[in-house]
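Using the sequences provided together with the hints, build the complete structure.
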Amino acid sequence: MEKQIIITIGREFGSAGHIIAETLAKRLGINFYDRKIMDEIAKQNNISDKELAKYDEKPRSRLFSRTVNGYSNSLEDILFEMQSKFITDKADAGESFILVGRCGEKVLGDRKCHISVFVLGDKEEKISRVMDVYSLDRDKAYEMMRSHDKFRKAYHNSRCESKWGDSRTYDLCINSSKLGIETTVDLLEDYVKTRAMGMK
Amino acid sequence: MLAAQIFAIAIFVIMFVLVVMEKFEKHYITLSCGLMTIVLVFGICMRDLNAIIETLNFKSIINAGFWIGEAPESAGIDWATIIFLGGMMIMVEGMAKAGFFRWLCMLLAKSVNYKPIKLFVAFMIMSAILAMFIDSITVILFLAAVTIELAKLLEFNPIPMILSEIFCANLGGSATMCGDPPNIIIGSKLHYSFSDFLTNTGLIAGISLVVMVIYFYLIYSKEIKKQTKNVDTSKMPKPADAIKSKVGFIGSTIIFLIAVVMLITHSTTHLSVAFIGAFVAIITCIFNFKDLKEIMSKVDYKILLFFIGLFVVVGGLEQTGILEAIAEFISKVSGGNIYVMVAIIIWISAIASAFVDNIPFAATMVPIIQGLSAGNPALQATLAWTLSMGTDIGGAATPIGASANVVGTSIAGKNGYPISWGKYCKSAAPAMFIVVLMSMLIIYFRYC
Numbered sequence: 799m800e801k802q803i804i805i806t807i808g809r810e811f812g813s814a815g816h817i818i819a820e821t822l823a824k825r826l827g828i829n830f831y832d833r834k835i836m837d838e839i840a841k842q843n844n845i846s847d848k849e850l851a852k853y854d855e856k857p858r859s860r861l862f863s864r865t866v867n868g869y870s871n872s873l874e875d876i877l878f879e880m881q882s883k884f885i886t887d888k889a890d891a892g893e894s895f896i897l898v899g900r901c902g903e904k905v906l907g908d909r910k911c912h913i914s915v916f917v918l919g920d921k922e923e924k925i926s927r928v929m930d931v932y933s934l935d936r937d938k939a940y941e942m943m944r945s946h947d948k949f950r951k952a953y954h955n956s957r958c959e960s961k962w963g964d965s966r967t968y969d970l971c972i973n974s975s976k977l978g979i980e981t982t983v984d985l986l987e988d989y990v991k992t993r994a995m996g997m998k
Numbered sequence: 062m063l064a065a066q067i068f069a070i071a072i073f074v075i076m077f078v079l080v081v082m083e084k085f086e087k088h089y090i091t092l093s094c095g096l097m098t099i100v101l102v103f104g105i106c107m108r109d110l111n112a113i114i115e116t117l118n119f120k121s122i123i124n125a126g127f128w129i130g131e132a133p134e135s136a137g138i139d140w141a142t143i144i145f146l147g148g149m150m151i152m153v154e155g156m157a158k159a160g161f162f163r164w165l166c167m168l169l170a171k172s173v174n175y176k177p178i179k180l181f182v183a184f185m186i187m188s189a190i191l192a193m194f195i196d197s198i199t200v201i202l203f204l205a206a207v208t209i210e211l212a213k214l215l216e217f218n219p220i221p222m223i224l225s226e227i228f229c230a231n232l233g234g235s236a237t238m239c240g241d242p243p244n245i246i247i248g249s250k251l252h253y254s255f256s257d258f259l260t261n262t263g264l265i266a267g268i269s270l271v272v273m274v275i276y277f278y279l280i281y282s283k284e285i286k287k288q289t290k291n292v293d294t295s296k297m298p299k300p301a302d303a304i305k306s307k308v309g310f311i312g313s314t315i316i317f318l319i320a321v322v323m324l325i326t327h328s329t330t331h332l333s334v335a336f337i338g339a340f341v342a343i344i345t346c347i348f349n350f351k352d353l354k355e356i357m358s359k360v361d362y363k364i365l366l367f368f369i370g371l372f373v374v375v376g377g378l379e380q381t382g383i384l385e386a387i388a389e390f391i392s393k394v395s396g397g398n399i400y401v402m403v404a405i406i407i408w409i410s411a412i413a414s415a416f417v418d419n420i421p422f423a424a425t426m427v428p429i430i431q432g433l434s435a436g437n438p439a440l441q442a443t444l445a446w447t448l449s450m451g452t453d454i455g456g457a458a459t460p461i462g463a464s465a466n467v468v469g470t471s472i473a474g475k476n477g478y479p480i481s482w483g484k485y486c487k488s489a490a491p492a493m494f495i496v497v498l499m500s501m502l503i504i505y506f507r508y509c
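In the order they appear, the protein sequences are chains P and C. Residue numbering for the first sequence follows our numbering, starting at 799 and increasing by one per position. Residue numbering for the second sequence follows our numbering, starting at 62 and increasing by one per position.
Any given hint could be a false lead.
Distance condition first, Cα-Cα at most 27 Å in a straight line; then the derived BS3-like pairs of lysine-lysine [said to hold, decoys possible]:
hint	chain 1	residue 1	chain 2	residue 2
1	P	LYS848	C	LYS283
2	P	LYS834	C	LYS487
3	C	LYS475	P	LYS951
4	C	LYS475	P	LYS888
5	P	LYS904	C	LYS84
6	P	LYS852	P	LYS991
7	C	LYS176	P	LYS856
8	P	LYS883	P	LYS852
9	P	LYS888	C	LYS487
10	P	LYS841	C	LYS84
11	C	LYS286	P	LYS951
12	C	LYS475	P	LYS834
13	P	LYS834	P	LYS948
14	P	LYS824	P	LYS938
15	C	LYS359	C	LYS286
16	C	LYS286	P	LYS834
17	P	LYS852	C	LYS487
18	C	LYS359	P	LYS883
19	C	LYS359	C	LYS176
20	P	LYS848	C	LYS475
21	P	LYS948	P	LYS910
22	P	LYS852	P	LYS948
23	P	LYS856	C	LYS487
24	C	LYS84	P	LYS948
25	C	LYS296	P	LYS848
Just a few of them, taken from the derived set where beta-carbon distance is under 8 Å, the chain C residues facing chain P [said to hold, decoys possible]:
hint	residue
26	VAL78
27	MET82
28	GLU83
Partial selection, computed: residues in chain C whose CB lies under 10 Å from chain P [said to hold, decoys possible]:
hint	residue
29	TYR175
30	LYS179
31	LEU202
32	LYS363
33	LEU365
34	THR459
35	ILE461
36	SER464
37	VAL468
38	ILE472
39	GLY474
Hint data in this document are derived by calculation from the structure and do not stem from the laboratory. We treat Cβ as the ideally placed atom computed from N, Cα and C, and that holds for glycine.
As structure tokens, this is what we get:
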């Protein structure tokens, strides 16, 4: 795309938000960032990416960390700051990209080239998708989905004033169960192109 | 009285929990809880105007002894601690603005020819010495930043150095009355001087520092040595470049030296810590008149408000007799045996301070040790030094135990050197155990 465009995508676990974001990035010919940004952060800082992964998209532990004069020693907070810096550096450099999760809509929210999307899904559809992807039985798939969403919600709401999954937080919320992955991507592509036309 | 006691305890517990949860800023929590203490405990339950007057303690400030001479007996808000802390903060901001701390760190690095092992030992000792006079947050703020800068240039892992600097800052803080907030509270409430601390906790801290330098050297020297590379020292940052203004630098250094001299001699000059704090603040403000707004904006007034609220809440426990009851309980458990009392106070203080803020803990414990000593000055002094070592050193054991630990680990993480609980406690928890055990044995040997 000629104009800079940044799309941040929040998603429910099992809603196929990740694959939708990846496919959309390919179609638009722009970069795609997900948890792999930690590999780059780890490389930049000479840290093990496995060490960092423990603190990714997690709310800070209030019992095991403290803040003094604005200095927080929560590794979750520190990683969030590193990720936010990584993302804003990319955005400041004029790069177009899609970012999955990581409170992207808050970090990049006030930019004119920014579009925020939330992908949700019907409960049964999400469970069956988790069962397929992770080869789990229904109970385990449901438990996995429930616990991931719980963490994502806590992570998001602890760092943003707006609420995770609340339609007022995003430009567009879409239920991927209704249209399927491909058609959801089609719709998002149209939406992004229409928005891009209106961007100066 | 029972209702007042229940409310006083409930408010104290709520305050503690909210402080730990960090949902709201700490000073809002303690001030709100302080207000609740005044209204609910003193006003509604006790209907005692005197308790409110005693706890707010404004009358102490207008007493001449508050500034010079014999300090008046007082309970509740310890205005001397607040004025002293505020004054020292203003002085330290003046020094930081002039580039004093960065200059000192770079000068020391240059004097050891940028050799990482020598740097490691020198920074540990400097951390302890600076923390004797300046709050440990400021010490670590500059020391950790310079350590990381040098580590990147010299290509060594700064984490072992930062961890040992943090521990030594806590240790240095325990050596003097102004080194750590619990000591200011203990000294001010129980009327101990700078030299009282220096000759008692200072001695213990000095011996412990020698042991800790050896301890950290033994566990970390291999890690630092293996990463050492030869560097062109001419390319290293020059100490003089850290000085932002020569006049400001000389002025703030002189003010700092005046503060040190005043503190060391205040038992003979009879100038109170409140006087010293106010004096250094005033001369710093006069000297930095042009940049006054900038300096004042950096002063952490929130911690002062936090203290005011905290003293009122602890005053609630004091006025309702809760702390006296705790003192009686400890006395009963120990059977009046001083060895048991010392062991209980030092280990409970150390373990509690490792996990919760040591300032409210110390503020709560001071009236308890007053109760335990029952007018016996020698016993009170023994328990005061015990409490000081327990709270100051206990706080060093975990990443959340003391403010310096939080700031140090935060700076390291932000610069790409994350320090997990495991990594932190692996060296700091045994170090805490060794120093607390040593302190207990020295106290037994010297005072019991």
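Hints, verified against the model:
As the CA atoms of LYS848(P) and LYS283(C) are separated by approximately 25 Å, the hinted pair is consistent with the 27 Å bound. A threshold of 27 Å between alpha carbons decides the hint, and for LYS834(P) with LYS487(C) the separation of about 30 Å lies outside it, so the pair is violated. Under the criterion of a C-alpha separation no larger than 27 Å, the hint pairing LYS475(C) with LYS951(P) is consistent with the structure, at around 25 Å. Among the hinted pairs, LYS475(C) with LYS888(P) is consistent with the structure: their alpha-carbon atoms are about 19 Å apart, no more than 27 Å.
Of the pairs offered as hints, the one joining LYS904(P) and LYS84(C) holds, with about 20 Å between alpha carbons and a cut-off of 27 Å not exceeded. With a C-alpha separation of about 37 Å, the suggested pairing of LYS852(P) with LYS991(P) is violated against the 27 Å cut-off. The straight-line distance between the Cα atoms of LYS176(C) and LYS856(P) is roughly 39 Å, outside the 27 Å bound, and the hint therefore fails. Restraint check for LYS883(P) and LYS852(P): satisfied, since their Cα atoms lie roughly 19 Å apart, inside the 27 Å limit.
With a C-alpha separation of about 37 Å, the suggested pairing of LYS888(P) with LYS487(C) is violated against the 27 Å cut-off. About 34 Å separates the Cα atoms of LYS841(P) and LYS84(C), which puts this hinted pair outside 27 Å; it is violated. Taken as a hint, the LYS286(C) and LYS951(P) pair is broken in the structure, with Cα atoms around 45 Å apart against an allowance of 27 Å. Taking the CA atoms of LYS475(C) and LYS834(P), the gap is near 19 Å; set against the 27 Å cutoff, the hint holds.
A distance of roughly 22 Å separates the Cα atoms of LYS834(P) and LYS948(P); the hinted pair therefore holds under the 27 Å criterion. With a C-alpha separation of about 32 Å, the suggested pair LYS824(P) and LYS938(P) falls outside the 27 Å cut-off, and the hint is violated. Of the pairs offered as hints, the one joining LYS359(C) and LYS286(C) is violated, with about 38 Å between alpha carbons and a cut-off of 27 Å exceeded. The straight-line distance between the Cα atoms of LYS286(C) and LYS834(P) is roughly 33 Å, outside the 27 Å bound, and the hint therefore fails.
With a C-alpha separation of about 19 Å, the suggested pairing of LYS852(P) with LYS487(C) holds against the 27 Å cut-off. The straight-line distance between the Cα atoms of LYS359(C) and LYS883(P) is roughly 25 Å, inside the 27 Å bound, and the hint therefore holds. Straight-line distance between C-alpha atoms of LYS359(C) and LYS176(C) comes to about 34 Å, which puts the hinted pair past the 27 Å bound. A distance of roughly 17 Å separates the Cα atoms of LYS848(P) and LYS475(C); the hinted pair therefore holds under the 27 Å criterion.
For the hint pairing LYS948(P) with LYS910(P), the CA-to-CA distance comes to about 31 Å; that exceeds 27 Å, so the pair is violated. For a cut-off of 27 Å, the pair hint linking LYS852(P) to LYS948(P) stands: about 16 Å separates their Cα positions. With a C-alpha separation of about 24 Å, the suggested pairing of LYS856(P) with LYS487(C) holds against the 27 Å cut-off. Between the alpha carbons of LYS84(C) and LYS948(P) the distance comes to roughly 19 Å, so the proposed pair stays at or under 27 Å and holds.
In summary, the hint linking LYS296(C) to LYS848(P) is not supported, as the alpha carbons are separated by about 35 Å, beyond the 27 Å threshold. Annotation: interface hint on VAL78(C) violated; nearest CB of chain P at approximately 10 Å, more than 8 Å. Using the Cβ-Cβ criterion of 8 Å, the hint placing MET82(C) at the interface with chain P is satisfied: the shortest such distance is roughly 5 Å. Because the smallest distance between the Cβ of GLU83(C) and any Cβ of chain P comes to about 6 Å, under 8 Å, the interface hint for this residue holds.
Because the beta carbon of TYR175(C) sits about 21 Å from the nearest beta carbon in chain P, more than 10 Å, this interface hint is broken. Checking LYS179(C) against chain P: minimum C-beta separation of about 24 Å lies over 10 Å; hint violated. For LEU202(C), the interface hint holds, the least distance from its beta-carbon to any beta-carbon of chain P being 8 Å, beneath 10 Å. A least Cβ separation of about 8 Å between LYS363(C) and chain P falls short of the 10 Å threshold, and the interface hint therefore holds.
With its C-beta approaching chain P no nearer than about 13 Å, LEU365(C) sits outside the 10 Å limit, and its interface hint is violated. Interface hint at THR459(C): satisfied, since its Cβ lies 9 Å from the closest Cβ of chain P, which is below the 10 Å cut-off. Look at ILE461(C): its Cβ gets to within about 5 Å of chain P, closer than 10 Å, so that hint holds up. Of the supplied interface hints, the one on SER464(C) holds, with its beta-carbon coming within about 4 Å of a beta-carbon of chain P, less than 10 Å.
The criterion of a C-beta within 10 Å of any C-beta in chain P is met by VAL468(C), whose closest approach is roughly 5 Å, and the hint holds. Below 10 Å, beta-carbon pairs count as interface contacts, and ILE472(C) has one with chain P at about 7 Å; its hint therefore holds. With a cut of 10 Å, the hint placing GLY474(C) at the interface with chain P holds, because the nearest CB-to-CB distance is about 4 Å.
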